[in-house]
Structures are given as C-alpha cells and as structure tokens.
Amino acid sequence: MNPFIQKVLVGITLILALWFLVSKYFLPEKKKNNKDCGSGSCGC
Amino acid sequence: MSTTLADLKKGETAVIIDVSSIEIPLKLLEMGCLPGNNVQLVQIAPFSDPMYLNINGSHLAIRKETAIHVLIEKVNE
Amino acid sequence: MSKQINIALIGNPNTGKTSVFNALTGLNQQVGNYPGITVEKKEGICKLDRNLKAHVIDLPGTYSLNASSLDENVVIELLLNKNDKDFPDVVVVVSDVENLKRNLLLFTQIKDLEIPTILAINMADRMDYKGISLDIPYLETQLKTKIALISTRKKTGIDDLKALIQNYKEMSSEPCLNASEIDKDYFDRLRVAFPNQLLYKLWLVITQDVNFGKTNRKEIDAITSFKTKSAGDLKRLQQKETIKRYQFINNVLKVGQTVDASQAKDLRSKLDRILTHKIFGYLIFFLILLVIFQAIYDWSSVPMDLIDTAFAHLSEWTKNALPAGDFTNLLAEGIIPGLGGIVIFIPQIAFLFLFIAILEESGYMSRVVFLMDKIMRRFGLSGKSIVPLISGTACAIPAIMATRNIESWKERLITILVTPFTTCAARLPVYLIIISLVIPEGSFIGISYQALTLMLLYLIGFGSAVFSAYLLNKVLNINSKTFFVVEMPNYKLPLLKNVGLTVLEKTKSFVVGAGKIILAISIVLWVLASYGPGENFNNAEEIVTEKYATQNLTEEALNKKIASHKLEHSFIGISGRAIEPAIRPLGYDWKIGIAIVSSFAAREVFVGTLATIYSVGSDDEETIKNRMAGEVNPILGGPLFNFASGISLLLFYAFAMQCMSTLAIVKRETNSWKWPAYQLVVMTALAYIVALASYQLLK
Numbered sequence: 064m065n066p067f068i069q070k071v072l073v074g075i076t077l078i079l080a081l082w083f084l085v086s087k088y089f090l091p092e093k094k095k096n097n098k099d100c101g102s103g104s105c106g107c
Numbered sequence: 004m005s006t007t008l009a010d011l012k013k014g015e016t017a018v019i020i021d022v023s024s025i026e027i028p029l030k031l032l033e034m035g036c037l038p039g040n041n042v043q044l045v046q047i048a049p050f051s052d053p054m055y056l057n058i059n060g061s062h063l064a065i066r067k068e069t070a071i072h073v074l075i076e077k078v079n080e
Numbered sequence: 011m012s013k014q015i016n017i018a019l020i021g022n023p024n025t026g027k028t029s030v031f032n033a034l035t036g037l038n039q040q041v042g043n044y045p046g047i048t049v050e051k052k053e054g055i056c057k058l059d060r061n062l063k064a065h066v067i068d069l070p071g072t073y074s075l076n077a078s079s080l081d082e083n084v085v086i087e088l089l090l091n092k093n094d095k096d097f098p099d100v101v102v103v104v105s106d107v108e109n110l111k112r113n114l115l116l117f118t119q120i121k122d123l124e125i126p127t128i129l130a131i132n133m134a135d136r137m138d139y140k141g142i143s144l145d146i147p148y149l150e151t152q153l154k155t156k157i158a159l160i161s162t163r164k165k166t167g168i169d170d171l172k173a174l175i176q177n178y179k180e181m182s183s184e185p186c187l188n189a190s191e192i193d194k195d196y197f198d199r200l201r202v203a204f205p206n207q208l209l210y211k212l213w214l215v216i217t218q219d220v221n222f223g224k225t226n227r228k229e230i231d232a233i234t235s236f237k238t239k240s241a242g243d244l245k246r247l248q249q250k251e252t253i254k255r256y257q258f259i260n261n262v263l264k265v266g267q268t269v270d271a272s273q274a275k276d277l278r279s280k281l282d283r284i285l286t287h288k289i290f291g292y293l294i295f296f297l298i299l300l301v302i303f304q305a306i307y308d309w310s311s312v313p314m315d316l317i318d319t320a321f322a323h324l325s326e327w328t329k330n331a332l333p334a335g336d337f338t339n340l341l342a343e344g345i346i347p348g349l350g351g352i353v354i355f356i357p358q359i360a361f362l363f364l365f366i367a368i369l370e371e372s373g374y375m376s377r378v379v380f381l382m383d384k385i386m387r388r389f390g391l392s393g394k395s396i397v398p399l400i401s402g403t404a405c406a407i408p409a410i411m412a413t414r415n416i417e418s419w420k421e422r423l424i425t426i427l428v429t430p431f432t433t434c435a436a437r438l439p440v441y442l443i444i445i446s447l448v449i450p451e452g453s454f455i456g457i458s459y460q461a462l463t464l465m466l467l468y469l470i471g472f473g474s475a476v477f478s479a480y481l482l483n484k485v486l487n488i489n490s491k492t493f494f495v496v497e498m499p500n501y502k503l504p505l506l507k508n509v510g511l512t513v514l515e516k517t518k519s520f521v522v523g524a525g526k527i528i529l530a531i532s533i534v535l536w537v538l539a540s541y542g543p544g545e546n547f548n549n550a551e552e553i554v555t556e557k558y559a560t561q562n563l564t565e566e567a568l569n570k571k572i573a574s575h576k577l578e579h580s581f582i583g584i585s586g587r588a589i590e591p592a593i594r595p596l597g598y599d600w601k602i603g604i605a606i607v608s609s610f611a612a613r614e615v616f617v618g619t620l621a622t623i624y625s626v627g628s629d630d631e632e633t634i635k636n637r638m639a640g641e642v643n644p645i646l647g648g649p650l651f652n653f654a655s656g657i658s659l660l661l662f663y664a665f666a667m668q669c670m671s672t673l674a675i676v677k678r679e680t681n682s683w684k685w686p687a688y689q690l691v692v693m694t695a696l697a698y699i700v701a702l703a704s705y706q707l708l709k
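Going down the list, the sequences are from chains A, B and C.
For the first sequence, this note's numbering gives the first residue as 64, with consecutive numbering after it.
For the second sequence, this note's numbering gives the first residue as 4, with consecutive numbering after it.
For the third sequence, this note's numbering gives the first residue as 11, with consecutive numbering after it.
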C-alpha cells in the first residue's frame, strides 16, 4: 500500500480523534430543567 | 414536656401525635409518618444517629435532626 | 403490522420493579439518559402477542408523585404531559405485598390522574411466610383496578400481568379519591377557572412547579398564576391529602387484607440484630470488605494476563500481516494497545460491581449506610457516600454516577470531588512496577514490604479522600437541606438475572465512557510520539547509525536505539524535555516526564510509555524493570530509580488528578466547568508538592 495513503489514513484518524475530544469537552451545555433547585438536588 | 421521636429508646413503641409540616419533608409523611400511626425503635447506631425505625410497618432510618420534629407519646406495655 | 403501546412501570423502591421490568423485556432493554439531566432512562420492548408490542419504561422508584429529587421528578413530568411520546397508555404500579399500605399511596395518586392503572402485587411467594392473605376481588372493586399477583422470584404471575395489559382498554379510569376533599373552596374555584382539566392534575401542577418543556407553556402559566395560597398553606394541604389517602387505604385494607401475626416469621429482625450491632456490625462489614478485595485481586489476575497476552499477539500480528507503513503502525502501536489498556480492566471492574450489586440486592447495603452515616457526616459526607467510595477502587466513573441517590447537594458534591482520591484500578500497574523496583525485599510479621507499601497506598488514597472531604466541608459555603431517609428492605437472596444485568450495565458505562476518551487520546499521543519537527527527528536513522558505528550493534539493538532517539525528538519528547526543569526537583528526568504527560490520558498508559522510552520492544515487565534499574541520574550519577524518587513517583500518582475521563464525568454530573477545573488544579498541585517534599527529604 502506498505510504502516502498510509499517511493520509493516519491524518484522518487523528482528525477524527481530535474532533471527538473537542466535541466531548467543549460542546455547549444542554439546557437544564430548572426544577427543585431549592432542595439542592441539581447542580446549582 | 413533650416527647419527640428522638427520645425513643430501643424496643419502645409510641404513637405519633404531631408532625411539623414545616420541618418534616412531605416524603416522610408519605412513607407513613402521620399522626395516629405507631412507631417503634428497632436499632440505633452508635452516637444515637441515625435511628432505625418501624413506622406503621415501614422499616426505615432517619437522622436524629429530623426525628426531633416528630412529637410522640410513648405506649406503656 | 403490529401495534405498539406505551407502558410505564412505577413503584416504590425495593418492590422488585426492576425484576418485573427484566421479566417483561428480557434482554430487549437499553439504558440511556433523559435529555438534559443526569437521570437514567431505562426502556425496553415486550411482545404481548402476535399483533401487540409494548414499549416499557422503568421509571425511577418513588414513594409518591410529590417529587423530592430529580429522578422522582421524571415520573411526575411524564404523567402530567399527555403529549410526551412516552406517555403511557397504561401504568403498572408495582408494589410489594409486605408494604402494601405504603405502596398504595402512590397507586391512588396515579389513579386520580385518570390513567388506566394495573396493580401488580409482587413477592406473592412471601405471603404464607408472613401470614398475609388478600381478598383480591374486594380490592379490585374498591381500588377500581385489576390486580396481578406476581412472584418474580418464583416466576409466577407474569403471564397474568401481560394478559391484563393486553386488555387495558377495558380498565376503569375512575379516580380513587375526590380531590376537592382536600379543600372544598379552593378546588371549587379551580374547577370554575379550569373546567376542562382534572382537579388532581391541577393540584399537582400548582404544588410541584413542574417543567413541561415546550408544550403547554401558556396553559401551565395560567394555572400557576392561580397560586393564591402561600407555600406553608400548600404544604399543610398536602399533609391533609396524605392523611386522607391513608384513611382511604386503611379502610380498604381493613377488609381486603388479613395478617395472621402468629404465622409471621421474621428473619429481618434476627439478621438486623447482628448486622447493625454496635460492634459486630462494623466488624462484619470490614471483614466483608476484606473478602471482597482479596477475591477481586485473586480472581482477576488470570483473565488480566490472558487479555494482556492476547492484545500483545494481536498487535504483533497486525504489524506483520498488514503492509508496512504509518497507518499500520498507528493500528499496532497506538490503537490496539489503547484498546487493550481499556479491556484489561474489565475483569476487576466487573467483579467489584458484582459484589456491590449482590450487597445491594440482598438489602445489606442499606444497613451499611445506616452504620456509616454518622461517621461520614463528620467529614461532610453522607452514609450513602460509602458505595461511591468503595466503587472508586475499581473506577471513579461509575462511582461518581452512583452519587445520584445522595439527597443533599453539598454531601453529593463533596463525594464527587473526593472520590478520585481513592486508589483506582488503573493506578495499580504504575504502583506495582515502581514498588518492585525500589522497595527492598524482606517482610514484617509475615507480610512483605512490597505488599505493605501497596496497602499503605490504598490507605493513603482513602485517607486523603476523607481528609479532603473534611476540608471541603469547612470551606464550601453551600446551604442545602439535608434530608436523609434510607429504607431498610427485607433481606432477600439476590436474583442472578438482576445482578447480571446490573454488572453488564455498569461495566458498559466504564468501557464506553472511559474507553472512547482513552482511545482517542491514545491516537493523539501516538501521533505526537511518532512524529517530530526538524532534522533531529527526520534524520534519526542516519544520526544514530553514525553515532554507534564503532560499536557493532546487532540490527535489533540498533533499531531500538533509533526508536529511542526518535521518541526523544518527537513532539512529546520535546514537551517532556520542556517540563524537565520543573520535575527534576522531584527526582525525575525528561523520560519520566514524557510518561507522566502521556498518562494524563489514562494512568495505565504510564507503563506502556516507559516501555517505549527505554527502548524495549514489548511490555515485558522484567525487561522494563531491568532497563529502569539501569538508568542513571544525569545529575547525581547514581541510579535514577532509587528509593527517594520511587516514593516520590508513587506519591505523585496517589494524588494526581490524571484521568481525563473522570474530569469529563465530574463536569457532567456537576453541570459546570468550575468543579473539574478545581480538582485538576488542586490535585495536581498537591501531587507536585508531596512528591517534591518526599524526594527532597528522602534523597
């Protein structure tokens, strides 16, 4: 297999991995249900 | 002088007289802690906290700080 | 074309609701999340007959529709929202025959929402044992429902339940209680204002402050603006409602249920007397813990070795079978070892969750919570923190998820923040290799120094968790109402099916949760370690060959030297060198620096990275050890891995927050960036200081 193709595959895998990590950590937080904050059972 | 649930000793039975609706969460009432129901102390942990109770057939444990808001009358065998 | 209906399983905790769910759905079930909140959504499919399927949701256990926590909230939000795609066509309330009185409270509330409701009375096999007999027809008439007597243990009654579900259209949807009895005036006014709505439903919306999402917003606003009563008043009315419901229930059960106390056998009291005893209770608990840890250690070593070998072989095979090149190397040296690093922990984690599931199913765990609560509270934790802390010795991820049942937000937050201090399974490879390198032979009262050091590290982990909890408790200024209730269920023999499914689920959460991140980071790290800038890297072969030209090395040895040179000048090698000044006072050199940096992905990567650094082709422990033993400290001249630097490294790993996956979970469970950020900074700083101090003192 052409070494160039191999390098390309590595590049693609790397981009996928980075994209996954970024989306996991930096995705905007989903809107929370705002109930029961008084009883302290949520994260506020 | 009123007796509270916190004063109950191991093995003793009592009847619940009043439950402060402000201090006691609704959940505890819904689990059976209501005026007129029986309560018995099954076991108490070291340092008398929490208390393992049999309230109206429900076996549960609550902290002493909750128990002091339940007024009871001890039943003499 | 088969039709599908929605069924909701609702009931008190400890009624065997999960067993009913498992009996109905078998393996056709999945666990997900409700959007936006950290509550598990359990659903599955049950085939009722040729033309009818049921989508079953196992809702979180609750004692009443009046929710006091996020997961109880899920129940009421579903039942009040007719437009939800999961809104049930029929509800099955699962109750337990010994706590029927209390279980019926929830039942009557649901009935009053005029949804067809079936009453499933579980644990019917215990009726004789407890001298209980029920007049089913009477109960069915009074409660206006159909009853299925089930025993999930003996596997009876499930077919009856399915038959009742199939005929759900014939069920009465009459309410049990007349809601206006709570306060006639108020409800009359409500009825006039909202003539098309169920009175009880209105009452729930007013008292609960429910969030419906996008639908019905205007309607809800109109209702909530009817809040003409104060919070205190509403609460008193709720109390009145509860009393009325119990009056109704008591009257029904007076005739419908008879208990012959003389027949009743009471295993619970007998066991409780010993298991919650002031002294024996604790002794027995610690003994059980010891047995569990010993078993996990023993049982998992064989599968772990097998997995290790299997992945090593797979890696080699890949390298040979696929055409040589960068991508093949990525597969063989990055991805496969990365996956192997995850899979190898499955035995340990699965065994730990097996034991915890058994303890919970049997009912014993509630007694542990009872015994430990007061002690835990001294440190700002709850008795319910014990399960997360123990689970943390396998993996912090499912441990942190297990904190969801802690009622007080402060106690829950503290538990989440300190759990990563406990010695998780991933630290073990690091500990073991360093210990075998620097801890001398010999023993103290029969236990080797090496084993003692390991035990000490576990104690340090647990101790620092508890101590930091103590500090956090003093420092954090959060006001949260602590309301602690733990039900003490009957002791029962754990059902294999339930335990098995729980273990499967929790192990999956580790593999999927941590696994994806570790794999992604392994890929990134491999790339950073395999490529480097500049001449030094690109011309590695020439440089190294020239350097050793006079030494007449074998091809294999030369290749290893080349690999080592390449690593040194790769991106990651450069970053290791860059942080070297910072870590030299701890007794490390840049090679260890690389390993520390890369183990930020997952601690277990440390050993693998060391293998590469010391130019060992495989992860053969003995060879790595010998290599490491031979390393020379560039400044002092003596061995690099001596007692001082070894201890320093051990302590660094004991305190460092190095698992990205854990940070991700903490962010999710606390819904903010703040807390994982604090953890990272504080724990890394702590690890640095302790390692520094120990090296400087011991060298």
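One or more of the hints may lead you astray.
Claimed, not checked - Derived contacts from chain C toward chain A, CB cut-off under 7 Å, selection only:
{"id": "1", "residue": "340"}
{"id": "2", "residue": "342"}
{"id": "3", "residue": "346"}
{"id": "4", "residue": "534"}
{"id": "5", "residue": "538"}
{"id": "6", "residue": "541"}
Unchecked claim - In silico PhoX-like links for lysine-lysine, alpha-carbon gap of 20 Å or less:
{"id": "7", "chain 1": "B", "residue 1": "12", "chain 2": "C", "residue 2": "179"}
{"id": "8", "chain 1": "C", "residue 1": "280", "chain 2": "C", "residue 2": "194"}
{"id": "9", "chain 1": "B", "residue 1": "30", "chain 2": "C", "residue 2": "154"}
{"id": "10", "chain 1": "C", "residue 1": "111", "chain 2": "C", "residue 2": "280"}
{"id": "11", "chain 1": "C", "residue 1": "264", "chain 2": "C", "residue 2": "254"}
{"id": "12", "chain 1": "A", "residue 1": "87", "chain 2": "C", "residue 2": "245"}
{"id": "13", "chain 1": "B", "residue 1": "30", "chain 2": "C", "residue 2": "211"}
{"id": "14", "chain 1": "C", "residue 1": "526", "chain 2": "C", "residue 2": "677"}
{"id": "15", "chain 1": "B", "residue 1": "30", "chain 2": "C", "residue 2": "254"}
{"id": "16", "chain 1": "B", "residue 1": "13", "chain 2": "C", "residue 2": "95"}
{"id": "17", "chain 1": "C", "residue 1": "507", "chain 2": "C", "residue 2": "518"}
{"id": "18", "chain 1": "C", "residue 1": "557", "chain 2": "B", "residue 2": "13"}
{"id": "19", "chain 1": "C", "residue 1": "57", "chain 2": "C", "residue 2": "13"}
{"id": "20", "chain 1": "C", "residue 1": "280", "chain 2": "C", "residue 2": "154"}
{"id": "21", "chain 1": "C", "residue 1": "502", "chain 2": "C", "residue 2": "52"}
{"id": "22", "chain 1": "C", "residue 1": "280", "chain 2": "A", "residue 2": "70"}
{"id": "23", "chain 1": "C", "residue 1": "164", "chain 2": "C", "residue 2": "154"}
{"id": "24", "chain 1": "C", "residue 1": "211", "chain 2": "C", "residue 2": "154"}
{"id": "25", "chain 1": "B", "residue 1": "12", "chain 2": "C", "residue 2": "245"}
{"id": "26", "chain 1": "C", "residue 1": "684", "chain 2": "C", "residue 2": "484"}
{"id": "27", "chain 1": "C", "residue 1": "172", "chain 2": "A", "residue 2": "87"}
{"id": "28", "chain 1": "A", "residue 1": "87", "chain 2": "C", "residue 2": "677"}
{"id": "29", "chain 1": "C", "residue 1": "329", "chain 2": "A", "residue 2": "87"}
{"id": "30", "chain 1": "B", "residue 1": "30", "chain 2": "C", "residue 2": "484"}
{"id": "31", "chain 1": "C", "residue 1": "484", "chain 2": "C", "residue 2": "384"}
{"id": "32", "chain 1": "B", "residue 1": "13", "chain 2": "C", "residue 2": "384"}
{"id": "33", "chain 1": "B", "residue 1": "30", "chain 2": "C", "residue 2": "250"}
{"id": "34", "chain 1": "C", "residue 1": "95", "chain 2": "C", "residue 2": "194"}
{"id": "35", "chain 1": "C", "residue 1": "264", "chain 2": "C", "residue 2": "154"}
{"id": "36", "chain 1": "C", "residue 1": "384", "chain 2": "B", "residue 2": "67"}
{"id": "37", "chain 1": "C", "residue 1": "92", "chain 2": "C", "residue 2": "165"}
{"id": "38", "chain 1": "C", "residue 1": "165", "chain 2": "C", "residue 2": "502"}
{"id": "39", "chain 1": "B", "residue 1": "12", "chain 2": "B", "residue 2": "77"}
{"id": "40", "chain 1": "C", "residue 1": "140", "chain 2": "C", "residue 2": "526"}
What the hints contain is simulated information worked out from the structure, not anything from laboratory work.
Glycine included, each C-beta is placed from N, C-alpha and C at the ideal position.
Structure-based check of each hint:
The criterion of a C-beta within 7 Å of any C-beta in chain A is met by residue 340 of chain C, whose closest approach is roughly 5 Å, and the hint holds. Annotation: residue 342 of chain C was flagged as interfacial toward chain A, and the flag is violated, the nearest CB pair being 12 Å apart, outside 7 Å. Taking 7 Å as the C-beta contact cut-off toward chain A, the hint placing residue 346 of chain C at the interface is violated, the least distance being around 13 Å. With its C-beta approaching chain A no nearer than about 5 Å, residue 534 of chain C sits inside the 7 Å limit, and its interface hint holds.
For residue 538 of chain C, the shortest C-beta to C-beta distance to chain A is roughly 10 Å, which exceeds 7 Å, and the interface hint is violated. Proximity of residue 541 of chain C to chain A is violated relative to the hint, the smallest CB-CB distance being about 9 Å (cut-off 7 Å). Between residue 12 of chain B and residue 179 of chain C the CA atoms are separated by roughly 52 Å; this puts the pair beyond 20 Å, and the hint is violated. For the hint pairing residue 280 of chain C with residue 194 of chain C, the CA-to-CA distance comes to about 48 Å; that exceeds 20 Å, so the pair is violated.
With a CA separation close to 25 Å, the supplied pair residue 30 of chain B and residue 154 of chain C exceeds the 20 Å bound. Restraint check for residue 111 of chain C and residue 280 of chain C: not satisfied, since their Cα atoms lie roughly 24 Å apart, outside the 20 Å limit. A distance of roughly 15 Å separates the Cα atoms of residue 264 of chain C and residue 254 of chain C; the hinted pair therefore holds under the 20 Å criterion. Taken as a hint, the residue 87 of chain A and residue 245 of chain C pair is broken in the structure, with Cα atoms around 42 Å apart against an allowance of 20 Å.
At roughly 19 Å between alpha-carbon atoms, residue 30 of chain B and residue 211 of chain C fall within 20 Å of each other, so this suggested pair holds. A distance of roughly 17 Å separates the Cα atoms of residue 526 of chain C and residue 677 of chain C; the hinted pair therefore holds under the 20 Å criterion. For the hint linking residue 30 of chain B to residue 254 of chain C, the alpha-carbon distance of about 15 Å falls within 20 Å, and the restraint holds. Under the criterion of a C-alpha separation no larger than 20 Å, the hint pairing residue 13 of chain B with residue 95 of chain C is inconsistent with the structure, at around 50 Å.
Taken as a hint, the residue 507 of chain C and residue 518 of chain C pair is honoured in the structure, with Cα atoms around 16 Å apart against an allowance of 20 Å. Simply put, residue 557 of chain C and residue 13 of chain B have alpha-carbon atoms about 83 Å apart, too far for the 20 Å limit, and the pair is violated. Distance restraint check for residue 57 of chain C and residue 13 of chain C: the Cα-Cα separation of roughly 10 Å lies within the 20 Å cut-off, and the hinted pair is therefore satisfied. The suggested pairing of residue 280 of chain C with residue 154 of chain C is violated, with an alpha-carbon distance near 38 Å, which exceeds 20 Å.
The straight-line distance between the Cα atoms of residue 502 of chain C and residue 52 of chain C is roughly 24 Å, outside the 20 Å bound, and the hint therefore fails. Proximity of residue 280 of chain C to residue 70 of chain A is assessed by CA-CA distance (about 69 Å); at most 20 Å being required, the pair is judged violated. Proximity of residue 164 of chain C to residue 154 of chain C is assessed by CA-CA distance (about 27 Å); at most 20 Å being required, the pair is judged violated. With a CA separation close to 19 Å, the supplied pair residue 211 of chain C and residue 154 of chain C stays within the 20 Å bound.
For the suggested pair residue 12 of chain B and residue 245 of chain C, the alpha carbons sit about 30 Å apart, so the restraint of at most 20 Å is broken. The suggested pairing of residue 684 of chain C with residue 484 of chain C holds, with an alpha-carbon distance near 18 Å, which does not exceed 20 Å. Distance restraint check for residue 172 of chain C and residue 87 of chain A: the Cα-Cα separation of roughly 42 Å exceeds the 20 Å cut-off, and the hinted pair is therefore not satisfied. A hinted pair counts as satisfied when its Cα atoms are at most 20 Å apart, and residue 87 of chain A with residue 677 of chain C qualifies at roughly 11 Å.
With a CA separation close to 31 Å, the supplied pair residue 329 of chain C and residue 87 of chain A exceeds the 20 Å bound. Taking the CA atoms of residue 30 of chain B and residue 484 of chain C, the gap is near 29 Å; set against the 20 Å cutoff, the hint is violated. Simply put, residue 484 of chain C and residue 384 of chain C have alpha-carbon atoms about 17 Å apart, close enough for the 20 Å limit, and the pair holds. A hinted pair counts as satisfied when its Cα atoms are at most 20 Å apart, and residue 13 of chain B with residue 384 of chain C qualifies at roughly 18 Å.
In summary, the hint linking residue 30 of chain B to residue 250 of chain C is supported, as the alpha carbons are separated by about 13 Å, within the 20 Å threshold. Of the pairs offered as hints, the one joining residue 95 of chain C and residue 194 of chain C is violated, with about 34 Å between alpha carbons and a cut-off of 20 Å exceeded. The hinted pair formed by residue 264 of chain C and residue 154 of chain C meets the criterion: a straight-line CA distance of about 17 Å does not exceed 20 Å. Taken as a hint, the residue 384 of chain C and residue 67 of chain B pair is honoured in the structure, with Cα atoms around 10 Å apart against an allowance of 20 Å.
The straight-line distance between the Cα atoms of residue 92 of chain C and residue 165 of chain C is roughly 33 Å, outside the 20 Å bound, and the hint therefore fails. The suggested pairing of residue 165 of chain C with residue 502 of chain C holds, with an alpha-carbon distance near 15 Å, which does not exceed 20 Å. Taken as a hint, the residue 12 of chain B and residue 77 of chain B pair is honoured in the structure, with Cα atoms around 10 Å apart against an allowance of 20 Å. For the hint linking residue 140 of chain C to residue 526 of chain C, the alpha-carbon distance of about 50 Å lies beyond 20 Å, and the restraint is violated.
Of the numbered hints listed earlier, those contradicted by the structure are 2, 3, 5, 6, 7, 8, 9, 10, 12, 16, 18, 20, 21, 22, 23, 25, 27, 29, 30, 34, 37, 40.
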